[in-house]
Each structure stands twice: as structure tokens, then as C-alpha cells.
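Asks: Just so you know, the protein sequences line up as chains V and C, in that order. Under our numbering, think of the first position of the first sequence as 1, with each following residue one higher. Under our numbering, think of the first position of the second sequence as 1001, with each following residue one higher.
Just so you know, the hints here were simulated from the structure itself, not pulled from any lab data. It is possible that some hints are incorrect.
[As the list claims (entries may be wrong)] Chain C regions said to be covered by chain V (calculated; three or more residues, Cβ under 8 angstroms):
id, region
1, 1053 to 1061
2, 1166 to 1178
3, 1203 to 1216
Since the structure is predicted, the reported quantities are computational estimates derived from the model, not experimental observations. Think of the CB as a built atom: it goes at the ideal place given N, C-alpha and C, for glycine as much as any other residue.
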Amino acid sequence: MSRGFIEATLRGFTSAVSQALLSESAACQPGLLQTLDPRVRVLGLLTLVAAVVLSPRITVIAALFLIAVLLAAASRVKIALLAKRLWLIIFGFSGLIALPAVFLTPGQPVFNLPWLPLSISAQGLRVAALLILRVQTAATLTTVLALSTPWTHILKALRSLHLPAEAVTMLAMTQRYIFLLIETAGQMFESRESRTVGVLSGREQRRMTARTAGVLLTKSIELSHEVYLAMLSRGFRGEVPLLQDFHIRTRDYLGLMVLVLVAALAVWIGR
Amino acid sequence: MHIPDGYLSPSTCAALYAFATAGWYSSLRRIKRVWATRTVPLISVFAAFSFVIMMFNIPLPGGTSGHAVGVAVAAIALGPWGSILAISVALAIQALFFGDGGITTLGANCFNMAIIGSFAAWGIYQLLAANSRLGSRRRAAAAAVAGYVSINAAALATALEFGIQPTLFRDATGAPLYAPYPLHIAIPAMMIGHLTIAGLAEAAISAGMVSYLQRTDLDLLRGGNSSIPEAPPTVNPAGRWEGRLWLATVLLMLLTPLGILAAGTAWGEWSVKDLPKAQGSMPVSGISPQHASVPSGLQKLSTVWTAPFPGYAPGFVKHPAVGYLLSAMFAVGLLLLASRLTRMVRKRWRERELRS
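Just chain V, same shape as in the assembly (with noise of 0.2 angstroms):
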């Protein structure tokens, strides 16, 4: 490895950004979850995650999937971003995690591994079958969500959630600040690579990292010497006041009952 580390980072920071730019564009699209205010998409589709969680049966889980899947489908997320972006990743981490407890549950054996002293047990597969579709449903839903609500939206709903109003602020911040500062890196990173010729020694490679994020940290602090007077100059006194300017209409009342309903269901039926 010679400065393969530095595009590595690189490429996180790319990463980021596009699904960021991504889901911003995503929420623009006009869809079924986006005609809904945004504190009924979060507090359905947080109530549906919190039922994924609650269920312990794989069928009412897998119905929440299919539920997941539409909203998607519905809100002009395309699927195949997800199964490329989501399914594929989850299935491939907790696939690995899960894959042991096939073996190693106790259970009815249903197939014996040739030369193997193993075999693959009945509960051992609903174990890892469960894990598996209930960490998707969840993913799927909190993506969903991330795809079809602009974040401020998002953060503001959570306000007239009852979060906070320095909470709500806090993040509201730490996500504008986020792509300043993935750009600052990035830039120090490419003009670093772009002077660097040859092979850099494994040490190098650490002081060079460490030194990068000092200089970020003594820019982060600077920064947040400079947003604070900025503050005050726009009359700041440490409250944090938060535009509300969200309208809930009937079909918002409807959309949440019906979120909230499928999800009182899905717990019901899986007691």
C-alpha cells in the first residue's frame, strides 16, 4: 500500500456527499410519502422500525418489509438503489454474523455437511433468517425515510417531536458543518497526495493522517469561534428559537393513522 489510505478516505468522503446530494434530490420528487407532512412520515415510519424491533415473527417482520418495499416504490425511491446500496451490504455484514448461528443453534437437523462434523439446524436457519430480514426492514424504513424528507425537514420535525430545541439545533449545525469540513480534508488530503511522489514509510502514513486531522481540529475550533460571533452579531442570546411552519391536513392525519395502525397490527399479531 503506498497512498492507497489517502484515496480510501477520499473516496468516503465522495461517498457521502453523493448520497447526500442523492437523498436531497430524492426528496424533491414528487411521491406518496412526500405528499405527507414531514412529522407524520417520521413519527409512521419511526413507529413502523420500533414494530420491526417488537415483532418476533419472521412472517409479520416480512410483511413489514413488502410494506417498506411499496412506500419506497411509492415515493420514487428506486429500488434497485436500494438492493445495490442497502440489501446487498446488509445482507453481506449481517449475513456473515448470522451465518455461524446456522451451525451452531441447537435445533432438528435438516442437512449434514459432507466431511464435516456440522449440520445446519431448522432453528439455526429461522435464527439467522430473522436477524437478517429484521436489520433490512429497519435499514429500509430509516432509509426511506432519509430519502423522501429533505434534513432539515427531518430536524424540524423532530423538534415539534418534543426533542430539544439545542438538540435539533445542534445537529441541524453539525450537518451543515459536516460538508465544509469533508471538504477542508479532502482538499488537504488531494494537495497532499498531489506533492507526495514515491512510496510514503507506514509511519509517515500515520503522521501524515494524524497531522491532517490536528490541522482540521485547529480549523473546527477556529470555525466555531467564527460561528459564534457570527451568532451574536445576528442577536443570539442562547436560545435557539425555531421556525414551525408545517400545516397538518386531513390526509396527514390519515397517513399517520394508517402508518401507526399497520404497526399496532404487526405488533399485535406477532405477540
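Given the coordinates of chain V, assemble chain C onto it according to the supplied hints.
Replies: Okay, now just chain C, sitting in the frame of chain V:
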């Protein structure tokens, strides 16, 4: 280490959300006392910095690379309370907008990485750096150890949360409902990766950043810069100790449900029902298992007192973990009441003595 939704049971998530909320609340109160109106911009920008640091690929010996959380750097620069808030906000953004870590498990992730991580890092750094000069090499080494230990402490907490799931949450057939591996698998599986790659990445970034700051910006190593007071507000030592004792008591109380995991009854604490069984498995005072019976004295005395919470669970509580917690809370409450009463009585006596 970001736990996704679905790995932890709802009750575990709720309990860890409660601990995390307590941590957030007291952090915000303490931070606001020091930084007042600067709190929001400072924590926000630092959270953005933590988020970006989590994306850095850190080259490690042997040609691999790993990611760090940067919790030690945050704890050294902001102190444990500021670090709790900054790392928590970064984790919340990851969960809400980037799908990294679950929503129901956000409390657990913040508890492990932000709260346990920050306190472990800060404690170790303070202990090892002690009163050394700000520019001494000892500080960089202390930061490395703080980074390494903090990330491993967080990983251990995560492993414990995973490991108790199959013991506590099963379906009717006995198959685990959430994370399927018990403690003896979850702990090594989680720790191997963290004791090696993740721990090294955290140690490298922490030490590297501290030694960089020693050359460029010593003020940051004081736990702040020109705008931040050089030392946290002075708290009287007795009050601080009392605070620590409270924290330790609450932690111990919360850990009581771990008692359920121990199999069997403690030696010598058998009830009348358990005694013949215990004698059967282990000869007591030379009595052979065939002649095992309950001594008549014990039989008679066993009915003299019936505990209000037999087996650490009041009759109306079905879940043993809740029973353990309730018993712990009840016992701590009783002790507090007793100590308050004693203090009151002593105060009255002293006043009476002074008057006479």
C-alpha cells in the same frame, strides 16, 4: 461497532436510551455552566469534526488500515462531558441520515461509544498524563493508551449487550430472538478485532494528534483554548467524591440483572427447597446423598421470616431482570432513607447538646 436496528431487544434499547439520556442531560448542564452561550456552536462544529475523523482511513502496521472513533481526542480537547455530546451528535447524524447504526439502538451506541468511551479515555489520560508538562512525550503515550482502552471498553460494553440477548430473549422453542451469540462467543468475537485493528487505529490517531498539537496548539491540550477557561470550574473535593460514589452506585445497581446469568444458588445460601438438591450434588458435612434431608431446626426456622421480595423479585413482576433492578432500587432507597434518618437524629442530638 455501530449496532444496527434488530440486534438488541426493545427492553435493552429502552434501558440504554434511559442511561444515554441521563448522560446527555447532565453533560449539557455541565457544559453550559462552563461555556454558556458558546455551547451550541462549539459542540456542533466539534461533532462535525468527529464525524469526519470517523471517515479517516488510518494506516496501520502490517499494511492494513482501520477507522477510529476519535473519542480520546474529543475527551482530551473538550473534557468528558463535551466529548459525550459531540460524539453523540455525530452518531445521531450517522444513524439518521447515513444509515450507520440503528435508530432504536442509538441510545446503546451513544452509551457505548460516547459515554463509556469518553469516560474511559478521559480517566486513563488524566491518570497517565498526571501532572506532566503539556509538551512532554508522556502525554502522547497517555493519549495512545487512552484511545486504545476507550475503544476496547466501548467494544466490551457492546459485546456484553450482544451476549445477554440470547440468555434473556428467546421464543417459545428457546431460539434466540435478537443477537444470537452468548457471552462466551460474543466477547471474543467482538474483542479480537478491537484489541488488534480498531484499538491500534484509535491509539495511532490519538497519539499522533496529541503530538501534533504539542508542536502547534498547546492550548487545545489544556482541554480548551483562549475562549474556554483553562481549568473546569472548581468543585469541592468532597462533592466530587460524592458524585463519583453516586455514579458507581447507579452503575452497580444497573448491573444487578447480570446476576441472572449465574447458574445455581450461591454456596451456603440454599433455601429449604434447594438443600436436598445441593446435598445431592455435593456432600455436606459428610452426609451421603441418600440420607440427605433438611435438618429439623432449619425447617422450623425457615418459616419465621418471609422476605417481601423472595428471590429478588416482588410477586407481581414477571421478568427477572426487572425484579433484580426493582430490588436494587428498593434496597438503595431503604439504605438512603436509613442514612438520612440517622443524619437527622444525629443533627438533633448535636443541636440539643449545643443548647444545653
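Asks: How about the region 1203 to 1216 of chain C: do at least three of its residues have a C-beta closer than 8 angstroms to a C-beta of chain V?
Replies: holds (count 9)
Asks: With a C-beta cutoff of 8 angstroms, work out whether three or more residues of the region 1166 to 1178 of chain C approach chain V closely enough for the coverage to hold.
Replies: As far as the region 1166 to 1178 of chain C goes, the hint holds, because 7 residues have Cβ atoms under 8 angstroms from chain V.
Asks: For the region 1053 to 1061 of chain C, do three or more residues have a beta carbon lying closer than 8 angstroms to a beta carbon of chain V?
Replies: holds (count 8)
Violation of the numbered hints given earlier is absent; every hint is satisfied by the structure.
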